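Please work from the sequences and hints to get the whole structure.
Chains as they are written, first to last, in the working numbering: chain S, 1349 to 1611; chain V, 28 to 293.
Hints in this document: simulated from the structure, not taken from any laboratory.
Predicted model, so just to flag it, every value in this text is computed and none were measured.
Keep in mind that the hints are not guaranteed to be accurate.
Stated by the list, open to error - FRET-style restraints, in silico, Cβ to Cβ:
no.	chain 1	residue 1	chain 2	residue 2	range
1	S	Asn1487	V	Ser121	49 to 57 Å
2	S	Asn1487	V	Arg253	48 to 56 Å
3	S	Ala1522	V	Ala274	28 to 36 Å
4	V	Leu189	S	Gln1388	24 to 32 Å
What the hints assert, rightly or not - Which chain S residues face chain V? A few, computed with CB under 7 Å, are given here:
no.	residue
5	Ala1413
6	Leu1415
7	Ile1436
8	Phe1440
9	Thr1444
10	Pro1447
11	Trp1448
12	Tyr1485
13	Tyr1489
14	Phe1509
15	Ile1538
Beta carbons: idealized from backbone N, C-alpha and C, even for Gly.
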Amino acid sequence: MTKSDMTSDMAPARPKLFIEHLSVVFNDDIPAAIGDVSLQIAEGEFVAIVGPSGCGKSTLLKVVAGLQAARSGTVEVARAPGGRDPKIGFMFQRDTLLPWATVTSNISVGCELSGVPKDKHAERIASLISLVRLQGYENHYPSALSGGMRQRVSLARLLAFEPDLYLMDEPFGALDYQTKIVMGRELLRIWEASRRSIVFVTHDIEEAVALADRVIVMGARPGRIVASHDVMFERPRDPRSLRGDPRFGSLVQTIWSELAIDD
Amino acid sequence: MLDASTATQRVAPTRLGGLFKSLFFHQALFLVVMLMIWEVLGAYVFDPFWSSRPSLIAERLVYLAKRGDLTWHMSATLTEAGLGLALGSVVGVSLGLLMARYTRAARITEPLFMGLYSLPRVALAPLFILWFGIGLPAKVMMSFSMVVFVFVLNVLEGVRALDRDPIDLMRTMGASNRYIVRRVMLPAILTWIMASFRISVGLALIGALVGELIGSSRGLGWYIERSAGQLDTTGVFTGIIILIAIAMVANNIVALVSNRLTRWRA
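Laid out in C-alpha cells, this is it:
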C-alpha cells in the first residue's frame, strides 16, 4: 500500500490531529488567547490557518507542540504506525539554526533526534541537501547564508526529523516576496512526495490558498475559528500559475472579507 | 584601456613593494623609531640613571638569558599566572553554571559576589601572604582572585542570553536535557568563556605581579622590585619589557584559539 492510498483509505477513520473545545488563557483580565476551538486534521492533509495577529494561531501550534499549556479542552495527536509516540516537527518564522554549526551539522540535529541509525546520517543529510538545493554549502555557517537559504536549512532539518505532523508557524514570513513564492513551491514539491499532515500558520491569504487543502480563518478576542474553506485545486499544483486562476482570486476575496468583519 | 592597465599595476605590486606598504612593516618601523629616540634621549638629554636606554636593556637581557636568570624568573611568573588562570576558569565556569541553574541561590549570593568583584583585589595580597606564605600558592591565589569573577559573571550572562527558540524546538523534537546541554548550551557559553579568557590573561599576570611585588623570592615582579631597590633603572625596564612581551604573546595565543573556536562568527 502506498502512502497516498493510506491517506484516502484511512483518513476518515482517525484524524491525525484532534482538537476539541480548546481554550488557552494567558491572563484572566483579557479575552482568551484561544476560546473554545475545535479542529480536526486528517492524515496527509495540508491545512493552513490565517488570521489577524493576536488571533491565537501561533498559540494553537504551541499547544499542539507542548510548548504552551491549555486552560481546558482536548488535544490529541494520533499515534504513529507501530504505536510509537508521534514525532512533531516545528518550524518557526525565525530560522532557529545553531550559529556555531555548519549546514550539515544543523541538519544532522534532525537525524539525531529522529532516531535514525547513525551510519545512515551522512547519506540522509546529503540527499536532503540536494532536495533543498543547497549543494556546495555543506560546510557553511548560517551567518554566511541568506535568509531564504537559512530557512531551507531549517526545512531540511525538519525533514530529517521525519515528523508525523508538521507544525509551521509563518515559516516563510520573514522572507522577501519572491523567495517566499519559491519556498512555497519547494515545500509543495517535497510535501506532495511524502504527504504528511501539515498545519501551516500564515498571515498571507494567497500563500494559504496556494498551498493548502483547507484554509481555516481565525478571528481574535477571543481567538476562534471564523470559517473553513476547502481548496479545490488539483494536485500537483504550481502555486505561481494558480494565482492567475479566477477561482483563486474569488476565494482570496472571500477570506479577505471574513477577516475584515472581525475589525 | 589605459585605466585598466594602471589598475592592474596597482593591484599587483612587487613583493618588496607589498612589504613596504604592509601594516606590519609600519608597526615595526614605528617601534624602531621610538627605540632610537629613547636611545638618543637616554644618551644625550637625560641621565640614563632615570630612563635607562634600549642598548643597556638589550645588554641586560642577554646577560640574564646567559645566566639562566631570565627563565628562572619568567617561569615563576608564568606558572603563577597560568595556574591562577586555570583554577579561576574552572572554578568560575562551574560557579557561573551553578548560579545559572539555581537562580534563587544565585540571587541570595549575588551581593557577596558583587562586593568581592568590586573590591580592589590588591587589598587581598597581604592576607594571602599571611595565609599562604611568600611561595607559589599566594601568587596563584592572587591571580585566581583577579580572574574568577570574570568567568562567573560572563558564564552567568551567557546562560541568561541563551536563545530559547532552538531549545524549545529541540524539546518538541524530544531532545533530552543532555542533548540540549551538549548541542546548544555548551557551544553558546563557549564564546563567553573565550571572551573571559581574553580579558583574564592580562588580569592573571597582574595578580601574579602584585603578589610578587608584595612578598616573594623570585619572579619578574621580584626582579623589578629588587632592581628598583638598588636604583637599577635598567633592571626595572628589563623586567617591564619582558612582561610586555609575555602579555603580547599570551594575548595573541588566546586570540588565535578564540578565533579558531568561534570561526562561525563570520
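Evaluated hints:
For the pair asparagine 1487 of chain S and serine 121 of chain V, the beta carbons lie near 33 Å from each other, so the given range of 49 to 57 Å is not met. Between asparagine 1487 of chain S and arginine 253 of chain V the C-beta distance comes to about 55 Å, which sits within the given range of 48 to 56 Å. Taking 28 to 36 Å as the suggested C-beta distance range, the pair alanine 1522 of chain S and alanine 274 of chain V does not conform, at roughly 45 Å. Checked against the given bound of 24 to 32 Å, the beta carbons of leucine 189 of chain V and glutamine 1388 of chain S, roughly 37 Å apart, lie outside it.
Look at alanine 1413 of chain S: its Cβ gets to within about 4 Å of chain V, closer than 7 Å, so that hint holds up. Interface restraint check for leucine 1415 of chain S: the shortest CB-CB distance to chain V comes to about 5 Å, inside 7 Å, so the restraint holds. About 6 Å separates the beta-carbon of isoleucine 1436 of chain S from the nearest beta-carbon of chain V, less than 7 Å, and the hint is met. Hint on phenylalanine 1440 of chain S holds. Least Cβ distance to chain V is approximately 6 Å, under the 7 Å limit.
Hint status for threonine 1444 of chain S relative to chain V: holds, with the closest Cβ pair at about 4 Å, below 7 Å. At a threshold of 7 Å, the smallest CB-CB gap from proline 1447 of chain S to chain V is about 6 Å, leaving the interface hint in force. Given hint, tryptophan 1448 of chain S at the interface with chain V, holds; its Cβ is 5 Å from that chain's nearest Cβ, closer than 7 Å. This hint is violated: tyrosine 1485 of chain S has a C-beta 13 Å from the nearest C-beta of chain V, more than the 7 Å allowed.
Hint on tyrosine 1489 of chain S holds. Least Cβ distance to chain V is approximately 4 Å, under the 7 Å limit. For phenylalanine 1509 of chain S, the interface hint holds, since its Cβ comes within 7 Å of a Cβ in chain V; the closest pair sits about 6 Å apart. Of the supplied interface hints, the one on isoleucine 1538 of chain S is violated, with its beta-carbon coming no nearer than about 18 Å to a beta-carbon of chain V, more than 7 Å.
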